[in-house]
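Listed in order, the protein sequences are those of chains F and B. All the letters of the first sequence, read from the start, carry residue numbers 1146 to 1485 under my numbering. All the letters of the second sequence, read from the start, carry residue numbers 1146 to 1485 under my numbering.
Careful: at least some of the hints might be erroneous.
No copy is singled out in the list; a pair is fine if it fits within one copy or between any two copies.
What the hints assert, rightly or not - Cross-link-like lysine to aspartate or glutamate pairs, in silico, EDC-like; alpha carbons within 20 Å at most:
no., residue 1, residue 2
1, K1310, D1482
2, K1168, D1455
3, K1170, D1455
4, K1170, D1381
5, K1453, D1468
These aren't lab readings, by the way, just hints derived from the structure by calculation. Just so it is clear, the structure is predicted and the values come from calculations on it, not from any experiment.
2 protein chains.
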Amino acid sequence: MREVSVVLVGLGNVNRSLLHILKIKQQHIQSQHGIRFSICGVADSKGIAVNKKGFDIDELYSLRPNGLSTVNLAGYIPNAVTSSIIKHINAELLVEASPVNLNTGEPGLSSVKSAIDSGWKVVMANKGPLVMDFDGLMKSTKENHTRIGYSATVCGGLPVINVLKRDLKAASITEIKGIFNATSNFVLQEMEKGRMMQDAIIEAQKIGAAETDPSLDISGQDTANKLYIIMRSATDFSGAIKEIKLEGIDNVTAEQLSAARSSNHAIKLIATAQQINGQWQLSVKPESVPANSFLASCSGWEMGIKIKTDLYESISMKNYEADPMGTAAAVLRDMIDVFA
Amino acid sequence: MREVSVVLVGLGNVNRSLLHILKIKQQHIQSQHGIRFSICGVADSKGIAVNKKGFDIDELYSLRPNGLSTVNLAGYIPNAVTSSIIKHINAELLVEASPVNLNTGEPGLSSVKSAIDSGWKVVMANKGPLVMDFDGLMKSTKENHTRIGYSATVCGGLPVINVLKRDLKAASITEIKGIFNATSNFVLQEMEKGRMMQDAIIEAQKIGAAETDPSLDISGQDTANKLYIIMRSATDFSGAIKEIKLEGIDNVTAEQLSAARSSNHAIKLIATAQQINGQWQLSVKPESVPANSFLASCSGWEMGIKIKTDLYESISMKNYEADPMGTAAAVLRDMIDVFA
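Working from the sequences, and respecting the hints, build out all of it.
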């Protein structure tokens, strides 16, 4: 039985759901995978806390929604910079689930880089560091002979990255189309029913599905982030994220949704990657798709992807997740996999 | 670069497609995975042939539909028992794709057992050995410190087994529903259009999708075989295949299909596994499902699965394959994976 010391960065929806899963599944994980995860450090915007013997999971779970500052947690260092936690404790694994920040990449990018440079393994639910510095992270992971996992960054628990990287061996991907953002998909569905966009966004925030900044969902940026991570992970695309032509659902109207429905179509926010004359053409934009198509079948809280390759013809996958549990489960999957 | 010596059992649709893929992808496999597969033995119902230096793939590809007996292949031993090939050459990998035989399990079972006992790695496209002796194969694989792969046995190239075994970590599966047999799915679709069952079966045989014995498709036995392999691989089910309540599509009529359609439903041959009071209830039978459901969306040559778990909510996957290329690609995926 291997005891693995873990530092959590971020105490939002995903890591709180992870704590919940660890609480109810610790025994299962030990017996099935021979690993016991001990949370010996936590960091959020309020500071950091370390406990070499491992925190009580119930105690950590009780911290939010008020964050680290509200309790008298042993080892709490108020206002410490998030990434400084790597210097305060010698752990084996960093789980990074702080909010996406595409301006500075912080606090995720520094935390992830420091952990990798210290030879820790890293699991990310936060897309930010991958979008900001994909090449740098891969390079330093290799140089430090460590491993990173990030299957939770794309479509929650749906194993999109894993299937693309592991199960399509020897194939060349020719086209990808997907719905990667459940919030905007839910918003479009609710608008079709006659609801105002803003109301639907508020509901998505309440259940913890929306990004901390929901404009990332509506603008299509979150979808573009996921398409970028997919393309860098599973294809020969080596371009920049700005090569993705981006249009959000901001300007989609109830009238357009209703007109599409009348002609047996649905408007969806669709990410597309196509090989055209040997070049990848990437876009994220609202598209009208036939009602009986796979993408139209991804309704409300579902996300999905359709992958075409030269050998496996087409593979389509979708999931239904109305809370962050699936994403947290994907984090846990990676936590086990990086030690396999 | 690792050179891997391979013996192919069966020279039917799957292994012929595999030869085709090896022909066009050998370079890709070498550069991406550092492996070169050298076919140094082949066996079919006509005999065996060995060539320690590796056969020319074009020459092997040209053998069928007439089989080994028709050519003057170097190293050909007419009428030799299939599994005897393991004694004639010291290879590293057996790829078993002979026809399903649920009476004796032969020639697959003996070939696979002999290879494992000799410490070879084994990749199976043939479900027979797994259905006949799942426990025995797992036990001898462990005892001989070797590895087996069989992701090609369920839904062709769709990575059902891989996702269930690798990507749902820490979760408990609560329900599985799937369409695992493309031939019967195609037949039902064609019957709904007014075609005779026998005509549709003949078309399925022509494109190489039907089992060598198509009654396995129509009776639901092939679907039951796949459900059994899934359950033994990914759940705590330890029962026998006869615990699956089995009803095929033999008695489905054009009238029933048309009546279902009128009420916005579709009749599909559905495999079900449900946890009821802590016990698995397994069945394969024709069921009427809503036209807008995921399972109804699996049309014609598509196969699909919907998996419910406690952590990942629901995950649905389907593929489209109108020829054996996807299955052969899944074999190749496993051939690479068992050496990873």
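Which earlier hints can't be squared with this structure? No numbers; nothing is violated.
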